[in-house]
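J.: Residue numbers (this note's numbering), protein chains in the order written: chain A, 1 to 243; chain B, 244 to 462; chain C, 463 to 738.
Check each hint, because a few of them may be wrong.
[As the list claims (entries may be wrong)] Cross-link-like lysine-lysine pairs, in silico, DSBU-like; alpha carbons within 35 Å at most:
id, chain 1, residue 1, chain 2, residue 2
1, A, K53, C, K464
2, A, K199, C, K514
3, C, K572, C, K655
4, C, K622, C, K514
5, C, K514, C, K655
6, C, K655, C, K464
[Unchecked claim] Not close to chain A: a few residues of chain B, all C-beta gaps over 12 Å, as computed:
id, residue
7, S299
8, R309
9, R310
10, Q311
11, G337
12, A409
13, A413
[To be verified] Using C-beta positions, here's what the derived DEER-type ranges look like:
id, chain 1, residue 1, chain 2, residue 2, range
14, A, A120, C, Q502, 58 to 64 Å
15, A, I172, B, S272, 41 to 47 Å
16, B, L446, C, E509, 43 to 49 Å
17, A, Q155, B, L245, 46 to 52 Å
18, C, V484, A, I39, 20 to 26 Å
19, B, P313, C, L722, 49 to 55 Å
20, C, R472, A, N31, 39 to 45 Å
Keep in mind that the hints were calculated from the coordinates and are not lab data.
Beta carbons are placed, not taken as given, at the ideal position from N, Cα and C, and that holds for glycine.
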Amino acid sequence: MNRDHLVFFLFLLVFAAVNIYLFASGSLPANMTGLGTFIAAGITLSLYSFLYKDNPLFKFAENLYVGVAAAYTLNQVWYTVLLPDVITPISELDGESMNNLWLLVPTMLGFFMLTQLSAAKYSWLSRIAFAFVVGLGSGLAIPRTIAANLLAQMQPTMQAITPDFAGVNLFIILVGVVAVLVYFFYSVEHTGAVGVASKIGIYFLMISFGASFGYTIMARLSLLIGRVGFLLEEWLVLQLPLF
Amino acid sequence: MLFLRRTLPLIIAFVMGVIGILCFYIPHSAAESLELELTKWDRIVAAFALVLGIYSLMRLHWTRVRRQNPGWGYSFLVFVGFAIMTLFAIYNDGQGPLNPQEIDTGPFVWMYNNVQVPADATMFSILAFFIASAAYRTFRARTPEAAILLVSAIIVMIGRVPIGAAIYHALPDLAQWMMDVPNLAAKRGILLGVSLGAVATALRIIFGIERSYLGGGEE
Amino acid sequence: MKAFLLNLDRRVIFVFVALGIVIPSLAPVRMPIPITKDVQAIYDTIEDVGAKNGTVLISFDYGPSAKPEVQPMALSVLRHCFRNQIKVIGMSHIPTSVGLAQRAFETAAKEYGAQYGEDYTFLGFKPGGGSLVINMGSDFHGAFQKDLRGSDTAELSVTKNIRGLADFAYVICLASGNTPDGLWIPYGQERYKFKFGLGCTAVMAPDQYPYLQSGQMNGMMGGLAGAAEYETLINASGKATAGMGAQSFVHLIIICFIVLGNVMFFLYGRQKGGAQ
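Whole structure, please, built from the sequences with the hints as guidance.
T.: Written out as structure tokens, the structure is:
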């Protein structure tokens, strides 16, 4: 038995002992809620075992999760779209009420899409569905992107600059936006005035990337704090703060 | 056949794209109705796209199991999780699959709360450790640009948490100003560039220049 | 010592990060939480909506991976709305958020006695993204014919008077992906001009500032810190406020490691190419 096996069995042993204590002492109730907390803690710790080394426990939890998550999504698609918006209205079609006849077209397109993974003889049908989705999506996106992300963003950049702190900030924003755009403009050589503007653009980008990096660290740590909180409060049932 | 397999999809994409654009600019009820109708269709096709995605994922794991690739047992576990969850979804806490979803109780909700939520949340939280390790190893002030990046990150990391104000009262304000002014300027510059790129790509799709969405294979 | 620091095993850093979170979590570390203007703006808007008897739409666009950051925001916003007798309609652009949103509604509604159907409803998930938002804009009942419990939205008290997105006094998106800037602003806010607020993960927050200054978004809660600010504003300390001690402490630890890494780099690393 090598060191990794020893660590693995020790981990399982400690986990089992802690849970036996928690159930025996009544900290975790002997019902589905208690069992759920036990399972959730087991999955959490199995995934964290990756920090030591990739191992079967991690892979077990990871793959089980992938299957469960896929089924959850399929369930939502069934109960919130396919059943109420497609199957029920189509099954209610009869000679008198043909209001929902239009539904047959997108449903057919949907089935065309599913041919994507079938034999080559039929898979070309999926192109029609993709052409519809991608073509319509592009058409809807163009005017909205121009209005919301280009025009609406340029307007506040070009506000009148006032001789106060807000005005200074507006001026800095204007300089920054122009400098960043110059930096991304590769059709001219970045020398002389263009080079200076491009350099200023880099400095703005660095401040922004630094801010994004700081925020990303913050986000990941927040997730960890959440999981540690679960283990301490819900699994170990500690009354925090302890001291 | 070539017409059906290649030309027809390009015509559909063009027509749908042009309709999508025009409906936005034509303030007439007919244009609004057409837009409403087509977006309804789009929503239904999108549901099938999700089904396709799940089918594709399961097929990938099925291939691993069938070929008994290394670690195929783990791919089998994907099916175990999928099968259990699907059975619970069909059971629907005794209501059956043709009634509205039972959202408060039942084994399906239990599996979501005790398997999916902890697994998903933990998976991403592991990155906290790696990002901390990466920060120690690679976050170096080798150049003036790198130094600016580093200082900016540190100001944000301290200024955005309560201890920032305890260390120096003006730190939160400085962090806020950095986000509101230089960060905003850079992000807006990127946004303008990305949006122009997105519009250009969408136009290329509509005019049939960009065809990657048609996939490869037989023409 | 020098060799140890230059070749520091990453698991040593892992241990420091873990302790930096566990120790403050066990101890009563409470610091005053300064409120930023962007979080205050959301709070003020909801107060205003309450005074005008408006209805709020909350789009729950985050999965379990963002639960620790965004779920406290969802709870706080719902508590604030129910406390002010504001009607709330929930929906979701991503399927995995449904269970979390449902739990948030259950918890907050129970605390304030809000009634399903009268004071709130949850419509659940629908795919379609931009197309869904366009549908909701002019034909709300067509986009969501039934809520998650199978009730007809054209008949349910809380939804029957909503014809389109312009009927909402405030739309709040709680997100861990691109739904605010990718869907809600271009496909919804741009045309229907509703007031739009955002609660998002810290990773997304820096990218949203252009929309705040342009007024397309009137307020934002970013990450756990943003959630803690909102909890402070509504006087209901929760998981976000409790996490701020650990968050502060572990940030300091990481900054110490960054400084140490740079000191080692300037002392020895230039010759050796840094720690390996």
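J.: Hint by hint, work out which the structure violates, then give me just those numbers in ascending order.
T.: 2, 6, 7, 19
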